[in-house]
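Two independent chains are provided; combine them into the complex using the hints.
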Amino acid sequence: MTKELWKGNEAIAEAAVRGGLEAYFGYPITPQTELLEYLAKRMPGLKRVFLQAESELAAINMVYGAAAGGARAMTSSSSPGFSLMQEGLSYIAASNVPCVLVDMMRGGPGLGNILPTQGDYFQLTKGGGHGDYHPLVLAPASVQEAADLTYGAFELAERYRTIVIIAADGNIGQMMEPVDMPPMRAIPRRDRGWELSGARNRPRRIISSLYLQGEELERLNQRLQATMAEIETREVRYAESQTADADLLVVAFGSAARIAQSAIKDARARGAKVGLFRPITLWPFPTDRLRALAQTIKQVLVVELNAGQMVQDVRLAVGAAASVEFFGRMGGVVPMPDEVLARIVSAMPSASFDRDHPWAIAR
Amino acid sequence: MNTDTLQVVYERPAALLPVVTHYCPGCTHGVVHRLVAEVLDELGIRDITIGVASVGCSVFAYNYFDCDFAQAPHGRAPAMATGVKRVHPDRIVFTYQGDGDLAAIGTAEIVHAATRGENITVIFVNNGVYGMTGGQMAPTTLPGMRTTSSPSGRDVGTMGYPVRMSELLSQLDGPAYIVRRAVHEPGHIHRARRAIKTAFQVQQHAMGFSMVELLSTCPVNWNLTPSESLKVVEEQMIPYFPLGDFKVAAGVKELSDEHPSRQAQPAETAVIGKARSPIFGKATAGVFGR
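Chains as they are written, first to last, in this note's numbering: chain Y, 2 to 364; chain P, 83 to 372.
Same shape as in the complex, but just chain P (with noise of 0.2 Å):
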């Protein structure tokens, strides 16, 4: 074999720790984790970035990124994470947060945080449970989803109904960039991983408040095989949640490759108030339904 042609086209990035996860089998944190490594690799960052973990099953992100990591109260990571960033502008400050955490008991320091257009970048993981605590329903828990807390399913007028995070940050004025993506499958991922790399350049440019929510599974908790899960995320998550641009503030396409000017862009463009995730209801397996 001629090694002199080989080149490595896929490797550990550099800003994740070569140590197992905790993650269980089929969860899409490990894809994330990835994600944001890749793009603190790619932007040279590493090593001037300090992350925010959440409660919940991402509490133990500090483990695995090679960068300074504190680890905050539940739901409190914007606020935490504000004081870092005020007393080190000139350091990349980023929070990594689930549902529970940032659409529950954390719902005012995320908006307080987007609205003072507060230089950090959260990357917000919604798989529409709680995961850490076995299953219960979360703000994000789609209509007629099983949990152990909505155990005949989550009926909107007793639990009201799920919070579209990105659509409501997307209102206040202080965000620079907010937008939805999925990790189901190799397109999503490769769309997701360049919406991470735009909202760290966002704060590289002290331009303000940047969130990338990604739509995720929860195997175990959804009671569904991981393949199962990717097909939920595709067919139930997304049409409730719909994929796409938020707020993208003057001056962030141009210092982003995701600019359509520069590759096509697929057609995924919010529809805000759309779906009302048809599916459920329907005999699938599961929590959804069964």
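The following block holds chain Y by itself, in its conformation from the complex (with noise of 0.2 Å):
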């Protein structure tokens, strides 16, 4: 198959065409606008729906209703919209409705800018509404990553009955790529068993979250932690690289992971044992591979694009086992490679780098 030159956000929005998005409905907000752009051309010719919703409160409420009518949907936004959908997402994960989000992470907190930043990580990961929920996180480190994610996402949504969220920065978002398009999914036409299409020939379904008796609410919660179990056995992704003679593991997800291979590969270029541990799945965290490589690597280097965020849930994976240091640049500030194999040569002993190597540390 030839490779094509993609945008990240359009590249997002031909492989949510092509894996059966049959229903969008956004907002402006940069840096993911061109999704919204792209799937406003695209939609309509495929005699699908496409709307721009007044505000993300409605976009993410017009996803629900799409999805609750058993259509594939899907919105976008960035970090102060997606702030916005927290409401519409608790009420979609208390309601078992499968849908996907795309958030394309900018600098915050409040209106920031509209540079990449991995600032939504707790919100993200954690569950940004109310509640007792976790939607499935898949980070992209690659334009290609961040179409084959979306591709994907719809078909994980369904199965578990989940929100899945598709977690990228404006790096992804705005840079360009080669990408291996997939092919044209047929969007399958079922009734899935809870869909809202009408009672005929059948009793009447209600899409609902509301539980007044407490013991009621606690085992639809305890359905959720079911589901979420078995997502967490069953979807954990994760990338390594050289990490099997590793005296250092750098732990980054998304674009700071592609800042940090550049690092580790100079740090590699002078003799230091340096690997890279990336989860792609931000939720469920990848927590049981990250402790065991930390039985054998003794310091660890997180680096993400926030104040240290996603450090918290890697040192509950490490524990004791090893040390763990940080690494983070804020507010849209894309560090250098140069500044993260700063923080490897000083996280390390001087003894296992090659002083005398040609390629400069900026310090």
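I should point out that these hints are in silico values taken from the structure, not numbers from a laboratory.
Model, not experiment: these values are computed from the prediction.
Ideal Cβ placement from N, Cα and C applies to all residues, glycine included.
Hints may contain errors.
Not close to chain P: a few residues of chain Y, all C-beta gaps over 10 Å, as computed [claimed, not checked]: (1) Ile30; (2) Asn114; (3) Phe123; (4) Asp133; (5) Met182; (6) Met185; (7) Ala187; (8) Ala227; (9) Glu233; (10) Ser242; (11) Arg271; (12) Lys274; (13) Ala308.
Here are a few chain Y residues that face chain P, going by a calculated C-beta distance under 10 Å [claimed, not checked]: (14) Glu55; (15) Gly66; (16) Gly199; (17) Arg201; (18) Pro204.
Below you can see the structure in the form of structure tokens.
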């Protein structure tokens, strides 16, 4: 298959279409607006639903309605808009309605700026809305991976009747890379047994998140927890490189992992044994694998585009088995590989570096 | 008795489940539920209808109608209904919303669903108070009316004026049919039923957004008896919220048995901004100025 050059936002949009997206509802916000604009052009020609909502609140509830109607529904936003969607997400989680969201993270808190960050990690992985739930969160580190994860997101959402979030940032959304775009998939036409379509020839169906009796609501929560436990067992994804002989492990996700990878290459060229561990599912977090790696690797450096959010999950996984350090930039400042390399150097015994190597370390 | 001559003239609508509702004694939600169910039966659309319940007293509407139902977050029913309708354009989708839901937290959603001309039907039950949470001031609470959050009566100087949603939405180009009726006495209930039927017919014919606002009662939170409450609708609510047809798009009258050419129309033409609820401030029972 021939690779084509795609912008991240548009690649996600096209991959969603090919993955069976039937109804998109969204609201413009930088740096994900091209996703909405692309679907405004793409969906009507396929006789699928595209609607620009009056707000993110409306958009997520349109998604709720369309998904409750059995359609493969999606919205996309960026951090401030994603915050507005938390009410709807909590209801959708409680109602076991599958849907897909894209969060193209930008600088915060508040209106912040339009530069890439990973500041939504807590909100994404800990359940940003009220109550006990976790969406399934997928963090791509390239445009190709963003397309691939989006393509499979609807089936994943439907398998568990859950929310699937593509968690990327302005880097992924705005950059162009060659993509091997997956083929167009037929939209499944089936009654899944729960969707609302009119009670013809069957008993009526209710989609609601209201349970006045404590025991009843606890039962719902127990079901949700059981589903999440199953996801934790079956859907953990991560990537790792050069971990077998590593003395130091860099843990990073998304575009931060891309930067870390460059730093690791430089460190390796200088003789330092550094590996990369990249969570692809932010929830469920790849705790078990990281815990196992920590038994042989004594130092961990977590790199994020925030003040240190995923580092908490890393610490939980690693425990006392290794020391965990953190390096992050905030406000949309994207660190250069040299900055990460400097942190690697300072974290490791100087003996493991070739000090005569021609590649200088910027300090 | 010769049973051959007996015929059923009154029974539970098939679209209404044979269950006891949670509504308070004297509350007119029961009347409105019945009217909607009768219309679903009459038009034969029960099994292609999807309802969207709001947050508030009517949150449990899904327990009473024998059709598919979703329960939306507070105020978001029009957005959720938009999603349902867009993926099921051949189904009938209606929201059932109270005044707190539709005219406060959900103002943006109802305005934009209306202005898009979303082909849904909205049943808007206006009793001027937050019922579910125990009688706080609503956007539709009348001037001078006492509620738990306007204990000295609604002071328009600090709390603003009631919102007339039908008038407001009728200014938009999107809606096809917006009317206000009341359910406080039999003649009005019959007119309300015809309006609800028209509203669903508008959707059946894909003519766009339709809304029937129904002036209703809340005896418990108004601190009045049911019969006193009905009188308040007549004497105090209708002057502020005049009954009438605020938006009737071309073609709607032809499909409706409300059409003046088919029957005598009651004298209830809208006069916007006519009244400022003159009775408030006068000593009456309950929360109304006691």
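We went through each hint and held it up to the structure:
1. Ile30: Label holds. Min Cβ-Cβ 17 Å, cutoff 10 Å.
2. Asn114: Holds, because the least Cβ-Cβ distance between Asn114(Y) and chain P comes to about 26 Å, which exceeds 10 Å.
3. Phe123: holds (22 Å)
4. Asp133: holds (18 Å)
5. Met182: holds (25 Å)
6. Met185: Non-interface label on Met185(Y) holds, nearest chain P Cβ at 19 Å vs cutoff 10 Å.
7. Ala187: Check passes; 17 Å lies beyond 10 Å.
8. Ala227: Nearest chain P Cβ is 23 Å from Ala227(Y), so the label holds.
9. Glu233: Given a closest Cβ separation of 27 Å, the condition holds.
10. Ser242: The claim holds: Ser242(Y) sits with its nearest Cβ about 42 Å from chain P, beyond 10 Å.
11. Arg271: With a cut-off of 10 Å, Arg271(Y) remains clear of chain P, as the shortest Cβ separation is near 55 Å.
12. Lys274: holds (52 Å)
13. Ala308: Correct as stated: the minimum Cβ-Cβ distance to chain P is 31 Å, above 10 Å.
14. Glu55: holds (4 Å)
15. Gly66: Hint holds; Gly66(Y) Cβ to chain P Cβ min 3 Å, cut 10 Å.
16. Gly199: Interface hint status for Gly199(Y): holds (4 Å vs cutoff 10 Å).
17. Arg201: holds (4 Å)
18. Pro204: Since chain P brings a Cβ to about 9 Å from Pro204(Y), closer than 10 Å, the hint holds.
Checked against the numbered hints above, the structure violates none of them.
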